[in-house]
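Q: Start from chain R and add chain Y with the ligands according to the hints.
Residue numbers (the numbering used here), protein chains in the order written: chain R, 1147 to 1534; chain Y, 1147 to 1534.
By construction, these hints were calculated from the structure, which means they are not laboratory data.
Please note that the accuracy of each hint is not assured.
Which copy is meant is left open, so a pair is good if it fits within one copy or across any two.
Claimed, not checked - Simulated pairs of lysine to any residue, SDA-like, Cα-Cα distance not exceeding 25 angstroms:
1) LYS1530 <-> SER1187
2) LYS1259 <-> GLY1454
3) LYS1189 <-> GLU1461
4) LYS1259 <-> VAL1396
5) LYS1528 <-> PRO1389
6) LYS1227 <-> PRO1158
Number of protein chains: 2
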Amino acid sequence: EAAPVEVEHDSPWSQEPKRHALLKPTSERPFNAEPPIAMLSEKFLTPNEYFYVRNHLPVPTLQPEDYELELEVEAGEGQKKLKLSFAEIKALPKHSVTAAIMCGGNRRSEMTKVKPVKGLSWGAGAVGNAKWSGARLCDVLRQLGVQPHEQLHVIFEGADLDPTSHPYGASIPLSKALDPRGDVLLAYEMNDQPLSRDHGFPIRVIVPGTVGARNVKWLTRIIVADHESDSHWQQNDYKGFSPSTDWDTVDFSKSLAIQSMPVTSAICSPMPEEHVKVDGDGFITARGYAWSGGGRRIVRVDLTSDGGKTWHVAELEQEDLPDGRHYGWSLWTARLPISAEQRQTQSVELWAKAVDSAYNVQPEAFEHIWNLRGVLANAYHKVKVKLV
Amino acid sequence: EAAPVEVEHDSPWSQEPKRHALLKPTSERPFNAEPPIAMLSEKFLTPNEYFYVRNHLPVPTLQPEDYELELEVEAGEGQKKLKLSFAEIKALPKHSVTAAIMCGGNRRSEMTKVKPVKGLSWGAGAVGNAKWSGARLCDVLRQLGVQPHEQLHVIFEGADLDPTSHPYGASIPLSKALDPRGDVLLAYEMNDQPLSRDHGFPIRVIVPGTVGARNVKWLTRIIVADHESDSHWQQNDYKGFSPSTDWDTVDFSKSLAIQSMPVTSAICSPMPEEHVKVDGDGFITARGYAWSGGGRRIVRVDLTSDGGKTWHVAELEQEDLPDGRHYGWSLWTARLPISAEQRQTQSVELWAKAVDSAYNVQPEAFEHIWNLRGVLANAYHKVKVKLV
Ligand SMILES: [Mo]
Ligand SMILES: [Mo]
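The following block holds chain R by itself, in its conformation from the complex (with noise of 0.2 angstroms):
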């Protein structure tokens, strides 16, 4: 119901979005694409129009006055079903939070190089971080009467439909969405601005500090359930497996859906083989992100230009926010000692690592995380510049 009438008559790609033209495609149809990650280390709020694009669908059309969020309490207390419009989640108190968003394939082009892995082959753009507003689903839930329950799961389904008119689904835990420190928005804003269509318009279900695939668009579906998204999605892809298990011996049932994302980081700038100029006093200086799921904030950042002889601190930019809450990234900015010899050969490698408040760290290289689906690609980030 919730998919406009032309797309039945014509291609489901015909009412697609107009996007920006910096935004690079690592597919069309679906339309997914990340910004030059240089761009992402310059705002600490990401412009909603670079913000990465990931769509599993066609985009569906969806008018606010037609609008309707239909909430089911299947499993536990509560109402058993609601219907808020658009007017309606509008008119509830205002929340917002600053979070990161990031794909949990961010970064696969990297691990790719170890071995072949499926999926789209992102960069490090795959991530953006926004100021998003809109309802608190607490304060929904509660409304409904819904209690405390370790074994419920909340589902969300999008209005964006695969070819069988089955709908884009996940699911996070009731604790996580119950929690009021655990910050889930019914979003109608990001930077302040409607959520662009690419984005979810009119409603998205923002997850702080949980992977981007459960923050699903279009949010037309809520249901409290006793188990999780039965979705392609949910059960059958953004898993993690051992570097050991293959395609044949594969067993998505016996592995945990993502959900909190682990510390990862990345150098914005200088970009691979961009030409870098050394200052007066023998250094260069870099920039990036880094970010970590489950609201733990981002404590340090280590550099290193010198193969991890030497490590330098990085500057924070990051909001005072208390750990376990802290969702949005961190920029940072480190100055690197370049060596004699480096300056000789005109080539240097950078390394970055970050650590977060569970002083949980990056592992060093891909090869020991590789996985089969090419998600959760968190190792150092190893950028090679050429001096001049």
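A: Positioned in the frame of chain R, the structure of chain Y with the ligands alone reads:
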């Protein structure tokens, strides 16, 4: 007042309890000791008498009939003061939680091989897993009228006193203390037995998922405050630093006090240099533990017997508890193939690495996580054994 009169007149060490002969001391005064790690993987709940002991000061002698817990609400809302007797704490609703407690310096002896660090030379045995029972701190704080507040802390003081009569102290964020899923206990039982003197008799605060140092023993005072504990152990110890930070450059005020611990694992059996028989199928069996802080469940433990060319997923023994509230450790078992060449050289090196529910992984080596205090030593555990 909590310290017994004898200590004032005599050596503060004259009242130390008797310890089990199998505990290997890393220091005698204060007493610090760990069990042989092969014993750790034998039982899911570590027997009390083998549980590692980490004392910072002499063990105080407290009598339950004189015991008094002082509570003070210095900052935020709530009744200003309350005193609870041991009988009053026991009269509160009793809760139990399985939680591993791990010393911040566990496995320091491995990190120190890269470059010397300051601290007790712990092996991989400064951890144990127990069922703790007591009153919930969140219930007590709610009774006092304490309200959630992101900027407040809960300070704990013990009856163990330094030579200037200052107590051992530590603090945690109020958000952890108030969260029912945080499972913080005023514990009086360990594996269904009254706490022993070495483990905090009569009351120890159990802060599941949090470094051992915050699980204050011989608890006598709780303060809700607008600052962390000003104790040495909160301010100038138990913090992480970059590998390039040395004692000339270190600034403890700039680093985060360790709370939630990062993912780790250890091979308990076989032990280093142990002689191991290869079975008829050409395999050996390894066992160990894995754990992550913050209530994150262990989702996988990978073992290799060929330097990471092939990884074998271990069988896990763990409680069936939800993520975010999975505070106990996981024991694991794996059968590992031995190559013809390894049989010939009669030698093999085993590596273990664990993955937690946020898909954080262990770093491969100690070199790039080295820190001057030798804490957070969670690199892959590597054990060389002899084959027979
Ligand atoms: Mo994604
Ligand atoms: Mo410790």
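Q: Under the constraints set out in the numbered hints, which ones does this structure not fulfil?
A: Hint 6 alone not satisfied by this model.
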